[in-house]
Each structure stands twice: as structure tokens, then as C-alpha cells.
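Visitor: In short: position in the sequence shown from 1, add 25, done, that's the numbering used here.
No wet-lab data here; the hints were simulated from the structure. The structure presented is a predicted model; accordingly, all values stated were derived computationally and were not measured. Careful: at least some of the hints might be erroneous.
[To be verified] Across the chosen pairs, the derived CB separations fall in these ranges:
no. : residue 1 : residue 2 : range
1   : 442       : 238       : 32 to 42 Å
2   : 292       : 441       : 23 to 33 Å
3   : 151       : 378       : 40 to 50 Å
4   : 238       : 286       : 11 to 21 Å
5   : 205       : 284       : 20 to 30 Å
6   : 446       : 274       : 47 to 57 Å
7   : 292       : 376       : 14 to 24 Å
8   : 378       : 127       : 52 to 62 Å
[Said to hold, decoys possible] Quick list of in silico lysine-lysine cross-link-like pairs, DSS-like style, CA-CA up to 27 Å:
no. : residue 1 : residue 2
9   : 159       : 235
10  : 247       : 257
11  : 99        : 126
12  : 221       : 77
13  : 330       : 318
14  : 176       : 257
Glycine is no exception: its CB is placed at the ideal position from the N, C-alpha and C atoms.
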Amino acid sequence: MKLGFDLVVVGGGVGGVNAALTAKNAKPSLSVAVVSHRPLTYPRPDLSAFIKNPSKFKEVKRYRVEELEAVGVKVFEGCRAVSVSPKDRMVQVEDTSAGEKFRLEYDRMVMATGSLPAVPPVEGRNLPGVFTLKWYGDALAISRHLAPGMKACVVGAGIIGLEAAEALKTRGLKVTVVEALPFILGGFVEPDLAEKVAQSMTLHGVSLVKGSPIEGIYGGEKVEYVLVDSVKFDVDLVVLAVGLRPNTLLASQMGLSLSKVGAVKTDRQLRSSLNGVYAVGDSAETIDYITGKAVYRPLGSIAAKAAEIAGLNAAGASETYDGFIRVQYDKLFDLSLGSIGLTVREAEMLGVPAEAVDVSIKKQGYPPPLLPAKSVVKAVVEKGSDVVIGWQMVSYNHADAWPYWGSQLFLEAILERQTLSQLQEVKAD
Numbered sequence: 026m027k028l029g030f031d032l033v034v035v036g037g038g039v040g041g042v043n044a045a046l047t048a049k050n051a052k053p054s055l056s057v058a059v060v061s062h063r064p065l066t067y068p069r070p071d072l073s074a075f076i077k078n079p080s081k082f083k084e085v086k087r088y089r090v091e092e093l094e095a096v097g098v099k100v101f102e103g104c105r106a107v108s109v110s111p112k113d114r115m116v117q118v119e120d121t122s123a124g125e126k127f128r129l130e131y132d133r134m135v136m137a138t139g140s141l142p143a144v145p146p147v148e149g150r151n152l153p154g155v156f157t158l159k160w161y162g163d164a165l166a167i168s169r170h171l172a173p174g175m176k177a178c179v180v181g182a183g184i185i186g187l188e189a190a191e192a193l194k195t196r197g198l199k200v201t202v203v204e205a206l207p208f209i210l211g212g213f214v215e216p217d218l219a220e221k222v223a224q225s226m227t228l229h230g231v232s233l234v235k236g237s238p239i240e241g242i243y244g245g246e247k248v249e250y251v252l253v254d255s256v257k258f259d260v261d262l263v264v265l266a267v268g269l270r271p272n273t274l275l276a277s278q279m280g281l282s283l284s285k286v287g288a289v290k291t292d293r294q295l296r297s298s299l300n301g302v303y304a305v306g307d308s309a310e311t312i313d314y315i316t317g318k319a320v321y322r323p324l325g326s327i328a329a330k331a332a333e334i335a336g337l338n339a340a341g342a343s344e345t346y347d348g349f350i351r352v353q354y355d356k357l358f359d360l361s362l363g364s365i366g367l368t369v370r371e372a373e374m375l376g377v378p379a380e381a382v383d384v385s386i387k388k389q390g391y392p393p394p395l396l397p398a399k400s401v402v403k404a405v406v407e408k409g410s411d412v413v414i415g416w417q418m419v420s421y422n423h424a425d426a427w428p429y430w431g432s433q434l435f436l437e438a439i440l441e442r443q444t445l446s447q448l449q450e451v452k453a454d
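Can you build the whole structure from these sequences, using the hints too?
Guide: See the structure below:
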């Protein structure tokens, strides 16, 4: 069987679905197809919430096939793109349930194949009881496996790892988090703010082991213990949360140019190195607004924005973008966290000397009456110029504190490349 479409989107995650819908909305006459071997997109940040509260599994909000097909987007769900011939503009697709293969011709393509969980190359990583946390099925499997009183080890102290630790602790498990770096939340907040988060996690009964990579996972028919810095930890469950890597095997086979981390290289129109092929989401790199440099940021918010641009261009437009700014918010136990732009560590990795400054907002109405006093706000500035390139916040005992602490103020400052001294509402402490 051979079918033809103006646009074929490979991948049904945030990037793929948004690109397809944007293209169809921009040009209704466009024939659009989405190929996805997994269920269509759902909120990845909700995975830990599902573990914390199993009843939430029935409340998963995601696009459904009928919703896309109602607006004229053909969906091949449960189907995998196994090969692409750029010369013939042909995708070979396999229906994974029926085992049948068919071909799709395309004029333009959006590659949105997403990411895969990074798995440390340690012994025992495939033992029963060892999980990653990337897909809905992972969260469901973890929830079914656990029981109160079990001992769990979470490997990785980024946001996903700490969310998983909170969820497991809430379900009555004894939780230890193992982090190879000497600090947690390295890509999110500065070390002193991260230490406040670490203290909160400890107060809530989560053990943290920093500066010690996991050496191995051991057991017979199931996981029984892990070794960390030659210390044995008995465990019933292990969650590997050490990051993501681009899922670009298909892109590589097509001959697309890839970055050092394996992400598809794109330009300011989200075009790949092959004519007519765009790339978005966790499988692609994007441009950092602050530095103008290519970065790999597997975030749903960036995937959605990139997909809009790629979708418009796949429909015939010539949209460009100046770069994206990382914007993240989260809540861990009684802490609200916010982070925008660059951390000092990331800025320096991108060649920008930077420093973090404690700040207070001195503006009528700030702080709001409901905002607790135990909040810490930081600005990250470029050394020498004092230009604002980042904002961070940790607030205690108030789930909705972050919107009040100038996140929009600092986002606008970053967009307008303002200096800290130009922000009259802000005072350096």
C-alpha cells in the first residue's frame, strides 16, 4: 500500500502533534499525516503525579486520534517509521500490531522522534525492578510494582529524579537519591538554592547521596541492592533518572546533520540539513536566545514553540525565530521552584562569564500579603555588562508563590537585554 501526503510528521509527542495541527490550521487544504508508535502526546511532567496518586492514571489528558482526524489530520498510531528515502521522499512504515508494512510519500516532513531515557552503563540495569521514567507506561509499571515500606533508589537528582523521589516517599517508600555531581538540580538553580531544596528533601525523609555515581545494580531474579561508592544499599526498586538523549537513529540513517550530543541540527526556521525536512522537540537542537548558540534542551515548552514555527514553514511560510528562553517551574513537597534563562554554570559553558545575585523586588504591591517571607530570589547577570540572563526562585510553604516574584518582570528583562540596574523594581541584596 502506498499513500501520499503534503506533510508527514514522524512522532506523536508534543512537537509532532503541534507541528501537524499548526500546519493544518495555517493551510487547511494541506494533507497531513502523523506516524506515532506510541499513544499521542500527554504531559510528561505529570508522570510523577501519576505515581503519587494512582487515581490520576484515569485522568491523563492527551490528544486522541479522533481529535486530530476531526480536523483532517490522518493519524497512524501504533505505527513505526522504519526507514526514509529522502531521494524518493518516501517513508517505510510498519504497523507494529499487525506486522504489516506500507509506504507514505511526502512533499515535506517534520522529524519529531523525541528522546530516549539515558541509562548509565552499569551492571544490572535491566534487572526486574529497575525502571526509567519517560513514558506513561513507565509510571504505570512503577506504580504497580511499589508497595509501602519498600526501599527505593532514585539515580539522578535533576527535576525528574526529585519529582520521582517525592512521589515514592508520598506512597510510603524509604527513598534514597544518588547523584554523581556534588550538588543537585545542576541545570535548574544555583548551588546555594539547590542546597535549600536538598535540606527540604532531607526534612521530608528523603536521603541524598551526592558526589557518588552508582557503581552497579545487583540481584538474582529481581533487583536486591545497589553499590554507591562501595557502599551497599538494599533496594526493592530503582528509578533511573539521569537525563535524556535524542532519539535520532532514523535521522542519522537519513543523513541528517547531527550535533555532538546526537540531536538534529536546525537553523532559525527549524530546517534540517535536508531540503524539505524540519526537526523539532527532544530530537532536535534549538537556538538559545541569550547567546545565539545551538543548545539541546528537551523541554515540552520549547518543543511546542518550535513546532509552531516548523508547522507554519512546512505549510509554506518563512517564519524565523531569535531563540528560545528556558522557562521552568516546579513544586517539591512544600517548596515552589522557578528558573528562567541561564544558570551561571550553563552560561559559562556557553562562553558567557556570569554571576548570581540575590535580589529583592521593591515595587508597590510586592511582596503580596500571602507571600511567605521565606523566599529567595536570584538574578543571573553577565559579568561586566550586568545584563540579566537568568532568574531563579525558591519559596517555602506556598504552592503558588512563583508567579508573584517577578518571573514575568525578569523574562521581559532577558528579552529586552536589560541590565539589573535598569530594573527599578529590583534591588540587589
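Visitor: Could you run down the list of hints and mark each one as holding or not?
Guide: Now the hints, each set against the structure:
no.	hint	result
1	442 <-> 238: 32 to 42 Å	39 Å, holds
2	292 <-> 441: 23 to 33 Å	24 Å, holds
3	151 <-> 378: 40 to 50 Å	43 Å, holds
4	238 <-> 286: 11 to 21 Å	19 Å, holds
5	205 <-> 284: 20 to 30 Å	23 Å, holds
6	446 <-> 274: 47 to 57 Å	49 Å, holds
7	292 <-> 376: 14 to 24 Å	20 Å, holds
8	378 <-> 127: 52 to 62 Å	54 Å, holds
9	159 <-> 235	23 Å, holds
10	247 <-> 257	16 Å, holds
11	99 <-> 126	17 Å, holds
12	221 <-> 77	23 Å, holds
13	330 <-> 318	17 Å, holds
14	176 <-> 257	13 Å, holds
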